[in-house]
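Undergrad: Sequence:
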Amino acid sequence: MPYIRVTSKRQATFPKAVLEKLGAKAGDILEVLFLRNAVELRPAKRNILDLMGSVKVKGTQDFKSARESALEKVAEESADEGRAD
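As numbered in this note's numbering, the sequence shown has no gaps in its residue numbers, which increase by one up to the final residue, 1400.
It cannot be assumed that every hint is accurate.
[What the hints assert, rightly or not] Result set (DSBU-like, lysine-lysine): computed pairs, CA atoms no more than 30 angstroms apart in a straight line: (1) K1371 x K1360; (2) K1388 x K1371; (3) K1360 x K1340; (4) K1388 x K1373; (5) K1360 x K1336; (6) K1360 x K1331; (7) K1360 x K1379; (8) K1340 x K1324; (9) K1371 x K1324; (10) K1371 x K1340; (11) K1336 x K1324; (12) K1360 x K1324.
[Stated by the list, open to error] Across the chosen pairs, the derived CB separations fall in these ranges: (13) A1332 x S1380: 47 to 55 angstroms; (14) I1319 x G1397: 54 to 62 angstroms; (15) K1340 x E1391: 37 to 45 angstroms; (16) F1329 x K1371: 15 to 23 angstroms; (17) E1335 x S1380: 28 to 36 angstroms; (18) E1387 x I1344: 32 to 40 angstroms; (19) I1319 x L1366: 43 to 51 angstroms.
No wet-lab data here; the hints were simulated from the structure. Positions of the beta carbon are idealized from the N, C-alpha and C atoms, including for glycine.
Can you make the complete structure from the sequences, with help from the hints?
TA: This is the structure:
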């Protein structure tokens, strides 16, 4: 049975066999589930909202107008594809 030691900084290193069994690699996020007398780890399911804030930008951002602009661009490209030459 593999063991995991927790450091004074509350960090833990998982044995290679444990991470391979989970299919986890460096940078992956694991979900922790607390059961009665146990803890379950599994690869976390992520979506695009998990990435929010991961890119630093200067100044304020107007996401509403950026979204509207992107939707307009997609509509224009779709209309151009539908035109016969």
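Undergrad: Within a Cα-Cα threshold of 30 angstroms, do K1371 and K1360 meet the stated pairing?
TA: holds, 23 angstroms
Undergrad: Need the status of pair K1360, K1331: alpha-carbon distance at most 30 angstroms?
TA: Distance of about 21 angstroms is within 30 angstroms: holds.
Undergrad: With the threshold set at 30 angstroms, check whether the alpha-carbon distance from K1388 to K1373 stays at or below it.
TA: holds, 24 angstroms
Undergrad: Is the hinted range of 37 to 45 angstroms satisfied by the C-beta distance from K1340 to E1391?
TA: Between K1340 and E1391, where Cβ atoms are some 40 angstroms apart, the hint holds.
Undergrad: Checking one constraint from the list: CA of K1340 to CA of K1324, max 30 angstroms. Satisfied?
TA: At roughly 22 angstroms apart (the allowed maximum being 30 angstroms), K1324 and K1340 satisfy the hint.
Undergrad: So does A1332 sit 47 to 55 angstroms from S1380, Cβ to Cβ?
TA: holds, 51 angstroms
Undergrad: Using the Cβ atoms, figure out if I1319 sits within 54 to 62 angstroms of G1397.
TA: For I1319 and G1397 the Cβ distance comes to about 58 angstroms; the hint holds.
Undergrad: Using the C-beta atoms of E1387 and I1344, is the stated range 32 to 40 angstroms upheld?
TA: With Cβ atoms ~35 angstroms apart, the hint holds.
Undergrad: Holds or violated: K1336 with K1324, Cα cutoff 30 angstroms?
TA: Holds, at roughly 26 angstroms.
Undergrad: Does the alpha-carbon distance linking K1371 and K1340 stay inside the 30 angstroms limit?
TA: Roughly 25 angstroms between the alpha carbons, so the hint for K1371 and K1340 holds.
Undergrad: Taking 28 to 36 angstroms as the hint, is the beta-carbon distance of E1335 and S1380 inside that range?
TA: Once the Cβ atoms are compared, 46 angstroms apart, the range 28 to 36 angstroms for S1380 and E1335 is violated.
Undergrad: Tell me if the beta carbons of F1329 and K1371 are separated by a distance inside 15 to 23 angstroms.
TA: This hint is violated: roughly 30 angstroms between Cβ atoms.
Hint check: violations occur at hints 16, 17, 19; the rest are consistent with the structure.
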